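Undergrad: This is what each chain is made of:
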Amino acid sequence: MDTTPSKNAPLSETERVGPAAKEKSVFYRTSGRIATQLPPRGPEMAPLWPPKADIFMTIVFSAVVLTMPLWLQPFGAAYPDLMQRFAIFGIFAIGFNILFGLTGYLSFGHAAFLGVGSYAAVWSFKLFSLNIIPAIIMAVVIAGALAVAIGFVSLRRSGIYFSILTLAFAQMCYNLAYSVLTPITNGETGLRVLSDDPRIIDAIFGTNEVPVPRAELFGISMQGMPGFWTSAVFLIAAFVVALLITRSPFGMMLRGIKSNQVRMSYVGFNTRPYTLMAFVISGMYAGLAGGLLAVVDPLAGAERMQWTASGEVVLMTILGGAGTLLGPFLGAVLIKYFENIFSALGDTTLRSMLEFIPEGLRDTAIAIISPFVGDGWHLTLGVLFMLVVIFMPGGLIEGFRRIGRLFTGGGRKKENG
Amino acid sequence: MDALIAQFLNGLDKGAAYALIALGLTLTFGTLGVVNFAHGALFMLGAFCAVLTAQVLSLESVTLDPTKLTPWGTPTEIRTTYAELYLGDFGAFITDYSIFIAVLVTIPIMLAIGFAMERGLIRYFYKRPHAEQILVTFGLAIVLSEIIKASFGANPIPVSAPEALRGSADIGAFLGLDMFINYPIWRLVYFLAAAIIIAAVFAFLNLTTYGMVVRAGMQDRDTVQLLGININRRFTLVFGIAAAVAGLAGALYTPIVPPHYNLGMEFLVLSFVVVVVGGMGSLSGAVAAGFLLGIVQSFASLAEVKAIIPGIDQIIIYLIAVVVLLTRPRGLLGRKGVMES
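Keeping their order, the protein sequence lines are chains G and S.
Under the numbering used here, the first residue of the first sequence carries the number 190, and numbering increases by one thereafter.
Under the numbering used here, the first residue of the second sequence carries the number 0, and numbering increases by one thereafter.
Calculated directly from the structure, the hints in this document are not laboratory data.
Be a bit skeptical, because a hint or two may be false.
Claimed, not checked - List time: in silico DMTMM-like cross-link candidates among lysine to aspartate or glutamate, alpha-carbon distance up to 20 Å:
1. S:LYS126 / S:ASP221
2. G:LYS447 / S:GLU131
3. G:LYS315 / G:GLU405
4. S:LYS305 / S:ASP1
5. S:LYS148 / G:GLU405
Quantities reported herein were computed from a predicted structural model and do not represent experimental measurements.
Modelling step: build the complete structure from the supplied sequences, incorporating the hints.
TA: Written out as structure tokens, the structure is:
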């Protein structure tokens, strides 16, 4: 690609960047190639590098994540099993957001990477070692490799075709996992770690004789709280990486693709490597999440790859706010929390909760509420989904901003976040 | 040879279902420009219209006959359906043929659901990006299937075909061939019904003035509006028709596969693939691709084919979709310039 804008581009130099932007234009290097000017910085774009705010945000985020066992106490959610899921699906959603939030490509097949990550991690436990480090590496690498293959093909189309292509690939993975690939995936039973697996690396150190095989990190079993701490550390790392990507010129490029891909290519960028890169990164995030799911519970099943699972991560991202940094994590926490609370509510629990309602009305209230809880919590999820898309397409973060704007006197300038 | 013909017939049958769903889907897309992920749920709703009709028609009244005693010494229960009680033999007849009554019930219900959906939700999304349309209709699909799950339970509910159409027929003799091909009669009925519905939709669009205006609106909405025609109202009707077609496809499919609340999701993915292969917004493309994919899929599930490429029956449709999308983005019969990016 030329370093100078192509002569047959339909816009003239001044139209493309504007006279003011031209003076301030920045030259920088991406992937070893000198790129041309940045797209003009509109008022709606966040500044490139505000380190103070970012460092502050990272610290607050880490503090919030690491103190989860404390502040989740009053909500009754401070037990490791649920907090692990918060962290893991937070990683999944943050990764999905790198693709959907930044480039605008809506993938409906990300659960495939989650499932493949899980399988890879469990195979690593079976073949190499119960240590989680090789498992995580394998999960990320294999999910990434699959993402390269699927992304390379799918990204040749955009819009709804891209969604359908990714959906088709995910369905293929799901169907294959249930049928021909049963020797690898163990079909409907699910893949599990057995005590008589080879575990080559463990065998070298003579530690492969364990009564109950559990994932561990140098002797620390990943059951309970250690599993949460591990997931939390990975979540914070994932957040920082996502933050760096968003603020980097590469992230800027992705956002440029989202706002106007045609203009990006007129300016002289070949956009496909960038979108592929974003796709692969988000696939690796999904693989990491899948690997962690296997770490906290060494069992992998194909239902993790079903397309409803892909829909769930889309919902998490949208609910929190696509394109924001904190939104996807927020969405993941909320959805997993409500899944946990709502699906555990039976009619008897509901009855005892609604003691305060007068006797006559109580049955009516229960009749109204009960389809939404217990087994029917998906109904709540669907209603929530629709309400968010209809009234708050920007997600919760956007909602908070609107509320914030009300209090700060209605300044129309968007904060960064 | 007879195995091949049997597979071909199986494929036609499956293809008929795909074609009907895809027809409605692409009609919605071609007219309203809306990507409707809830279309599979409409198929499922139609199926449950049939379930409901069958259940209503087989409501029974129980009378005790004290003159006859069961081995346990209690009076024998005589169960008669209300339909038979009130209408006599004719009642028994309509209970048996409940599936055809269901067709009559399904059409108005699905039209009403279609209108309500378009007026109440979809029309606010014309101007929004495709991603948001996909998401809101995906949410709607979850809501609809959960409502069905809450009211009918999660297990598949079988609906039986009429007594006379329940068995199998020897197609070979019927076609004058010298071979024996056993084929369920109801599947033939389904194929025939699908052909009639598809013909009716095409006749409506191509032979009536109303349909002509709709087609004009598909080509250029603004110009039709400038001519003083309220195109939105016609498009609402078209959405209703699309819903009714999907509903009919579902209602008639109940004797083949017992419907359950998640049926729509299973068909949705496939029907989207069909629409994409046929070409977004192309009605004949959707029908052709539906039958084509149905036939290809049933041939791929032949044991001989599976021996060569294991697992091909599971992925063949998606594979075709991928190849078509990459080599011919507008689909087999798609119009030039429609969603071709």
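Undergrad: Could you run down the list of hints and mark each one as holding or not?
TA: Each hint, compared with the structure:
1. S:LYS126 / S:ASP221: Holds, at about 14 Å.
2. G:LYS447 / S:GLU131: Cα-Cα ~15 Å, so holds.
3. G:LYS315 / G:GLU405: holds, 13 Å
4. S:LYS305 / S:ASP1: holds, 18 Å
5. S:LYS148 / G:GLU405: Answer violated: S:LYS148 to G:GLU405 is near 41 Å, above 20 Å.
Comparing the model with each earlier hint shows a violation of hint 5 alone; every other hint is respected.
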